[in-house]
Amino acid sequence: MPGRGETAGDVGADAFVRPAEHSEAYPRHGPPLTFSLRQSTSPQAHTLAESIRPLPGTDGIDKQISRAYNLSMSSLGQPAPAVEERDSSRVIIVVAVVGVIVVMLAIALLLREPPKAANAVSPYAAALKLSDFKMSAAENFIGATVTYFDGKIANTSDKTVTRVVVEVVFQDDMGQVALRDQVPLRLLRDTGPYTEPVDLSVVPLAPGQIQPFRLTFDHISAQWNRQYPEIRVTDVTAK
462 MPGRGETAGD
472 VGADAFVRPA
482 EHSEAYPRHG
492 PPLTFSLRQS
502 TSPQAHTLAE
512 SIRPLPGTDG
522 IDKQISRAYN
532 LSMSSLGQPA
542 PAVEERDSSR
552 VIIVVAVVGV
562 IVVMLAIALL
572 LREPPKAANA
582 VSPYAAALKL
592 SDFKMSAAEN
602 FIGATVTYFD
612 GKIANTSDKT
622 VTRVVVEVVF
632 QDDMGQVALR
642 DQVPLRLLRD
652 TGPYTEPVDL
662 SVVPLAPGQI
672 QPFRLTFDHI
682 SAQWNRQYPE
692 IRVTDVTAK
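Numbering (our numbering), first residue to last: 462 to 700.
Calculated directly from the structure, the hints in this document are not laboratory data.
Accuracy of the hints is not assured; some may be wrong.
[What the hints assert, rightly or not] When the alpha-carbon atoms are kept at most 30 Å apart in a straight line, the in silico DSSO-like pairs for lysine-lysine are as follows:
id: 1; residue 1: Lys700; residue 2: Lys590
id: 2; residue 1: Lys613; residue 2: Lys595
id: 3; residue 1: Lys613; residue 2: Lys590
id: 4; residue 1: Lys700; residue 2: Lys613
id: 5; residue 1: Lys590; residue 2: Lys620
id: 6; residue 1: Lys620; residue 2: Lys700
id: 7; residue 1: Lys595; residue 2: Lys620
Every value quoted in this text rests on a predicted model; they were computed, and no experiment measured them.
Could you build the full structure based on these sequences and the hints that come with them?
So this is what it looks like as structure tokens:
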């Protein structure tokens, strides 16, 4: 509105340019009005021009806000290097541990011995009777302890026996197997001042004979309870 005592020509006739008419494409209130100041010597025109200048100091604030916005937007698509490196290290450790476990299991399976099948007992085994067991021990020439089991064997068959194999089972204090072994049975023969075990292939056991024998062990488990082992005939060769 013009001031008191002033006419419209003093202010608006040459100081403002009327904006273009509103287009139907704009919203109800239309776009913000634009105007330009022309050269005018009117005091009111100078006052209006001063009022639309930007506030002092707002240029720096706008630049800082724009810079912070650009930095935040540019960092959204970048992965965190520290997190990725930590995840990669964990994956490598897990893979290494799994690999070690697999290798150890494979070694254990390869080293595990298959269970021994039960030995078939010779039909002549029942015809051989073992009795009169005696146990003794002595040191050999290298200082190791050797254990002897002596006894008698009787051939009740009508065949001549040339080979006998027996299975010997030693137990521990808990009644568990400490050692299971199969050894050949040898007959005792006097050879000069000493009694020596001789293989049955050299001195066969004739039908009806009873002869002394000896079993020799130099590797009995330390868990053995020092009691007499179980001895049974498992293989016999006869003719």
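Verification of the hints:
no.	hint	result
1	Lys700 x Lys590	18 Å, holds
2	Lys613 x Lys595	10 Å, holds
3	Lys613 x Lys590	8 Å, holds
4	Lys700 x Lys613	21 Å, holds
5	Lys590 x Lys620	14 Å, holds
6	Lys620 x Lys700	6 Å, holds
7	Lys595 x Lys620	27 Å, holds
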